Every structure is written in structure tokens, then in C-alpha cells.
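Using the sequences plus the hints, can you model the full thing?
One line per chain: the protein sequences are A and B, in this order.
Residue numbers for the first sequence follow the working numbering, beginning at 899 and rising by one.
Residue numbers for the second sequence follow the working numbering, beginning at 60 and rising by one.
In case anyone wonders, no lab produced these hints; they're calculated from the structure.
Among these hints, one or two may not hold up.
Said to hold, decoys possible - Taking lysine-lysine and the BS3-like style, the derived pairs with C-alpha atoms no more than 25 angstroms apart in a straight line are:
no.: 1; chain 1: A; residue 1: 957; chain 2: B; residue 2: 357
no.: 2; chain 1: B; residue 1: 308; chain 2: A; residue 2: 933
no.: 3; chain 1: B; residue 1: 308; chain 2: A; residue 2: 914
no.: 4; chain 1: B; residue 1: 156; chain 2: B; residue 2: 517
no.: 5; chain 1: B; residue 1: 517; chain 2: A; residue 2: 961
no.: 6; chain 1: B; residue 1: 480; chain 2: B; residue 2: 401
no.: 7; chain 1: A; residue 1: 922; chain 2: B; residue 2: 248
no.: 8; chain 1: A; residue 1: 1001; chain 2: B; residue 2: 511
no.: 9; chain 1: A; residue 1: 954; chain 2: B; residue 2: 357
no.: 10; chain 1: B; residue 1: 508; chain 2: A; residue 2: 1001
no.: 11; chain 1: A; residue 1: 973; chain 2: A; residue 2: 954
no.: 12; chain 1: B; residue 1: 308; chain 2: A; residue 2: 923
no.: 13; chain 1: A; residue 1: 1048; chain 2: B; residue 2: 422
no.: 14; chain 1: A; residue 1: 1001; chain 2: A; residue 2: 1048
no.: 15; chain 1: A; residue 1: 973; chain 2: B; residue 2: 401
no.: 16; chain 1: A; residue 1: 922; chain 2: B; residue 2: 357
no.: 17; chain 1: B; residue 1: 443; chain 2: B; residue 2: 92
no.: 18; chain 1: A; residue 1: 957; chain 2: B; residue 2: 517
no.: 19; chain 1: A; residue 1: 1016; chain 2: A; residue 2: 1001
no.: 20; chain 1: A; residue 1: 973; chain 2: B; residue 2: 517
no.: 21; chain 1: A; residue 1: 973; chain 2: B; residue 2: 376
no.: 22; chain 1: B; residue 1: 357; chain 2: A; residue 2: 961
no.: 23; chain 1: A; residue 1: 1048; chain 2: B; residue 2: 156
no.: 24; chain 1: B; residue 1: 376; chain 2: B; residue 2: 245
no.: 25; chain 1: B; residue 1: 511; chain 2: A; residue 2: 961
no.: 26; chain 1: A; residue 1: 923; chain 2: B; residue 2: 446
no.: 27; chain 1: A; residue 1: 923; chain 2: B; residue 2: 401
no.: 28; chain 1: A; residue 1: 914; chain 2: B; residue 2: 357
no.: 29; chain 1: B; residue 1: 357; chain 2: A; residue 2: 933
no.: 30; chain 1: A; residue 1: 954; chain 2: B; residue 2: 446
no.: 31; chain 1: B; residue 1: 220; chain 2: A; residue 2: 922
no.: 32; chain 1: B; residue 1: 248; chain 2: B; residue 2: 308
no.: 33; chain 1: B; residue 1: 308; chain 2: A; residue 2: 922
no.: 34; chain 1: B; residue 1: 376; chain 2: A; residue 2: 922
no.: 35; chain 1: B; residue 1: 480; chain 2: B; residue 2: 220
no.: 36; chain 1: A; residue 1: 923; chain 2: B; residue 2: 248
no.: 37; chain 1: B; residue 1: 357; chain 2: A; residue 2: 923
no.: 38; chain 1: A; residue 1: 923; chain 2: B; residue 2: 220
no.: 39; chain 1: A; residue 1: 973; chain 2: B; residue 2: 357
Since this is a predicted model, take the numbers as computed values, not measurements.
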Amino acid sequence: MASRTEITVRVTDAVKDALETYEKKEEELIPILSKVNRDLGFLPQEALELISEGLKVPKSRVKSVASFYHMLSTKPLGRHVIRFCENAPCHIAGGGEIWSALKEATNLQAGETSPDGKWSLITTSCLGLCAVGPVMVVDGDVYGNLTVDKIPEILGRYE
Amino acid sequence: MKYYRSMVLVSNDPQSMVQGAQEIFDCIKAEVKKHNLEDEISIAMASDISRMDISPVVIVYPEAVVYGPVKAEDVPFLVEEHLYKGRIATRLQAPKKALSGPIAWLSTREGSLPAEQRIVLERAGIIDPESIDDYIIHEGYRALGKVLSDMKPEDVIATIKESGLRGRGGAGFPTGMKWGFVAVAKGDKKYVVCNADESEPGTFKDRLILEGDPHSIIEALIIASYAVGADEGYIYVRGEYELAQTRLKAAIQQAKEYGILGKNIFGSDHSFELHVHAGAGAYICGEETALLESIEGKRGEPRSRPPYPTTEGLWGKPTLINNVETLANIPAIIRHGANWFKSFGTPSSPGTKVYTILGNVNKTGLIEVPMGITLREVISIYAKGMKNGISFKLAQTGGSSGSIIPASLQDTPMDYDSYAKAGVSLGSGALLICNEEVCVVDLAKVLMKFFKFESCGKCNPCRIGNIRALQTLDRISEGLGTEADIETLQMISKNLYEMSNCGLGQTSGAPLRDIIDHFRAEVDAHIKLKVCPAGICAMSGQSNLYNN
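Here you go:
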């Protein structure tokens, strides 16, 4: 486990990096949050406070934006994040069975993270990959034309 | 799996039947068999395609030739000429003036091949999307040159108005009019914005345009900025489309290096600066005022309208917002003229439309075809028929802005006005084709779950209504529904439509209304008999069918 100070350093660095990449203006809040979220995996409270100071935007505003967008997370997620599309096109293509298989394979319900911190299972809206539905994204990797048989093999690729 | 190259429809309304439509149908079948074409040609009967003075009618797709009145003795000639030799049997064709009523739109289809017609995707897949030179070789930035050297801003707007182009984001608002509003709006600063927050479930047309031909959007935005008098613009791309963001940023950089973006473009007085703004995952940001809030760095909650963005948009300045597909038409219209554009599609909806075909069909994917083809054509010809031969039940046209289209509307031309007249909506162009094995209650549940998830929560009817609707549908699908639930769903649908603040809430009740209007018997079976006819819903409630 990383120590408390190590975590603080990582957070501080990530925020500093993001604030240097974009202009320090309120309109850049979403790109800044996205970058920190990408670097750290989620948006810890400290990061939100540092961004608020850096941009001179109230903390409440930063938090309300961070909690609004689905690609940003204010809670820590697992090492690997499974995003499953549950919209109509994937559903019609047999998504319901895949969703059950995923829940069973990870022993999680929607929005949960496993106790050992390996998996987070979340649902997402349409990813625009409907021609190859049902679709899921694990970390950045897209898997289409899913069948129940493929699930164990795909999940097995992640440590 | 069978692929048909042609489809033949024989009218079977009562009058046609009296005049021997059945005999004609059988006769066509026999003749087609004689020429050994059974595997290439599908033959079906359809009501509501005829009119009295030319019945019985025979329509042959994909050429969409209307023959009528057809007599049994004409059939051998018709089949041999058209289906075997591939020539239109002109002497049997119905006179153009007789084409009114439900088949009126067919008279506007010129020539013999309506097949794929590419305007907005003309370069996608042909050029290297990361090369500005490739774009320029393929007529790129020629329209911009013409605009900046030969045309006044008002000429550009007049051309777009004249072309009849309508917004492709779902609502179908006339593009030229919108441009006109922004042009006359008072303000020292104006913006143009491209709405690339494509999140309607089942839609990925904009992604293919952005990834395949990013410069066409940049060119269109510069033309738009010149026409309305703006000097700054944004492309709002949804966060999930990373490749599109990368390609757009690279394309903007290249355009700057070539002097196409920036100060005094092509030596003219016009200057324009363009930014890419990435979203962070929120369906609601496709609503134009929520999109503006998001660019400003806020939560994507829609504003109250009026004022409309055309007068008070981004940072309170007049702002033009257009969808990607709409913009992608602009350079071609400028290059070829309004009349050329009007030669495609139907009179009320000129041009082409990009559709994404999904669901229980043999071939899913994307097509760009003239406005006004029918769902039946899409299924039989472009999608190569229904998968495993299971019959077509309904089509769902795009996440929120669309409708559930029952099979009875599959011969209605797909254009904005015809669909509006039929009480349904074309939406964003996603066509989710469902077969008989799909349960409408289950489908509605999936749709309402989506709206519940994506409602921004700002106004009560949408935030609460979608949750209540989903709970009610859940009960019905479990076999615990009561007859009062139908009224509840109707009331929620009406309240959502009348009282929500923005388009998301207003259209989110449509699936509820549609399943009750078109599939009442199936919903009733869930409630009264505790049976799911498609066998999808796990009915844990008591079944009246077996227990009574």
C-alpha cells in the first residue's frame, strides 16, 4: 500500500500537470477534471480542492461538475473497470444474457467494486458501436459481438 | 440466409383483390420460378400502396417502379423485361400523375437507381482522414474558396435556404432559417458550434463523419461563421469519441498551418478560430443549451427557453448550433448548388440521410440514401432481410428523439413530413429493427432505464416521471400489473411531454405512448392474463391463464 504522503504527492502532481496543460479558466474545468480522472483513476476530494484553489472556482461548483458527468468518478474504482452498454440496440442483440453472465463472473451488481479492488462493474450509455453489439469496454479495450462463452476468456486477460 | 436483389410488392387492398391481385401475385411467383429467380427476388403483398384508378398495383424495388393497373396477362412480359432482363417495362408503368396518396413520393424518385447516394460520407473511407492534402485533392476547401471570393454572407444563407436542408440532429428544423436568425441577431461577438455529442443509442453516423472526414466539418464551420458573422467556434465532441477528438485536433492544426483557419483566411477579411471541446459522458449534453453550459465548464443542465441560443447562446452571445451531419452537407451544397441538392430525396426533405441499421437483420451497419425510402426497403434490400426469417415486428428510431414504428408503417416514406403526418418521428437515423421475439414491455423498460439514468435531474416531471414509469413497467413485466397501470403510463407520458423543460423529458414518454397505441393487446396480455406473449418477461406473478 502506498503511504498517505505518497498518495498526496501523486494527487498534487496530477493536478499540477492538468492545470499546466490547460488554461486556468473556469471553462477548462471539464478538460482538467477529465485529465486528473484519467491519471488517478478517480477524483479524490483533495484533487477537487486543489483544482478549486487553482482555478479560483468555489469547491461546491467543482464537486457538482465532477459528480454530474458519467466519465468522472468521485469514488475510487477497481484496478479494472468493466463498462457494459445496456441500451436498446445491445439489449436486442442479446445483451441481457451477457449482463447476467458478467454479474455472475465478477460476483458484482451494477456500480459495485469487488472487495479485493480488482473489478468495478458499471453500466454505460450507448458507445456508438452498435453494429457489433452487445458491447463492453474493459479499461480502454473494446469487446464487441459478445457471447456468454467469451466472457471468462476476456476477463481472464486481466490480472 | 437469403439475399434478394429485388423486391416485388403487389397491392392487396379490397379493390385490388376484387380485380385479381391474388392471381397476379401467383402469376408473378410462377413466372419468377420459370426464370429460376426465386432465390434473388422476394415477392410480397401489401395493403395501402394502391389507388383506385391504377389498381392492382405492382411495385418493383430497388428501382421503385410502379406498374398499374396490371392484368394477369401482362405478368410474363413484366417479369421477363424487368426482373430477368433488367429493363423497365415502360408500357405497363402507371402514369406519373396517378401517383398520389401513399405512393405519391415515388413520383419524385428520378432515374432508376435510388441505391446508396453519398453526399456527407462521400470521402469517408476514400481519403486519408489525417491528411489535409488528400482532402484538398478531393475537392476539399473549394466551397470555402468560392464563398470567400465570390459570395456575400447573405448569398450563402440564401443558397442554404434554397436547398431546403433540414437539421439532421433529429428535429428537422430548416438550417437556412437558423443561419438567418443568427445572422440578424445583434451582438459584437457571435459563435458557431458543432454539436458532435452524438449519444442517441444506436447512432454512430457522426462518429464516422468525424473520423473519416474531419476537414469537411471544419470547412462547413468556417462557411457558417462567414455567413452569420462569427469569429470563433467550438466542436463539442462527446468524451467517449477519443479517435474523433484526436483527428479533429490534428485537422485543425493542419488547417492553421495552411492558413485556412486563423486571421484573414485566403487573404479575405474573414478570421475564424476553432476549438475542440470534449464532453465527459452525459447524454443530456446533446441538448443544445446543456451543451453550451458544458462548454462554459458547468453541469450540463438545459437552460430555459426562450431566449434561444440564436440570440443568447454561449456566454450570452448569439450562437449557431448545428449537428455534424447537417454541417457535412454544406460544402457540397455550395459547390454544386441548391438545385443539385434538391434533386435528391423528397420535396419536403431534400438530400440524403445516414441511417444506422441494427437489430434482428442479416446485415447491420450504416447507409446513406436519399430521403424518402421506406423501412421495408431498408430491411429487405440494405439489411438483406430479417435474421433467421423471423417476421418483422417493429422498428425503434433512435434513443429519445425517435419513436416505435409498427409494421403497419413500413411503407411510409422516411422523411420528416411523412413521418410527422403518421405521428412518429425519424429521430437521429438509428433504425433498430426488432422481430417477433422482442417483447414491447421489455423494450420499453430498457428505454425508460436509459432515460432514468440520463435525466439531468433539473426538472421534476423528467426526474420523477421516468422513475415512476420504470417502476410501473417493472411491475407489469413481473406479472403484477393492474389495469390502472395503463392509465398511469398514459398520464406519465402526457405529463413528461407537456411539462418537461427540455427535449429529453418531452420525448422520454414516447415509448410508453407508442407501446399502448400500437401494441395494446400485448401489454394487456401482461396485465390481464399475466402472460408475456414473446416469452421474454419473467412473469413471477400468478398466471390467470392456468389458474382460473
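Agreement of residue 973/A and residue 376/B with the hint, judged by alpha carbon distance not exceeding 25 angstroms: Violated, at about 37 angstroms.
Residue 973/A paired with residue 954/A [C-alpha distance capped at 25 angstroms]: holds, 23 angstroms
Residue 973/A paired with residue 517/B [C-alpha distance capped at 25 angstroms]: holds, 23 angstroms
Pair hint residue 376/B and residue 922/A, alpha-carbon separation not exceeding 25 angstroms: holds, 22 angstroms
Pairwise hint evaluation, residue 156/B against residue 1048/A, where the allowed Cα distance is 25 angstroms at most: Not satisfied, since the Cα-Cα distance of roughly 58 angstroms exceeds 25 angstroms.
Hint consistency between residue 357/B and residue 961/A [alpha-carbon to alpha-carbon, up to 25 angstroms]: Holds, because 11 angstroms separates the two Cα atoms, which is no more than 25 angstroms.
Given hint residue 517/B paired with residue 957/A - CA-CA distance at most 25 angstroms: Answer holds: residue 957/A to residue 517/B is near 20 angstroms, not above 25 angstroms.
Distance restraint between residue 357/B and residue 923/A, which requires alpha-carbon spacing of 25 angstroms or less: holds, 12 angstroms
Proposed proximity, residue 923/A with residue 308/B (alpha carbon, max 25 angstroms): holds, 20 angstroms
Hint consistency between residue 957/A and residue 357/B [alpha-carbon to alpha-carbon, up to 25 angstroms]: holds, 13 angstroms
Hint consistency between residue 480/B and residue 401/B [alpha-carbon to alpha-carbon, up to 25 angstroms]: holds, 21 angstroms
Holds or violated: residue 923/A to residue 446/B, with C-alpha atoms at most 25 angstroms apart: violated, 53 angstroms
Figure legend: structure checked against the earlier numbered hints; hints not met, in rising order: 4, 15, 21, 23, 26, 27, 30, 31 and 38.
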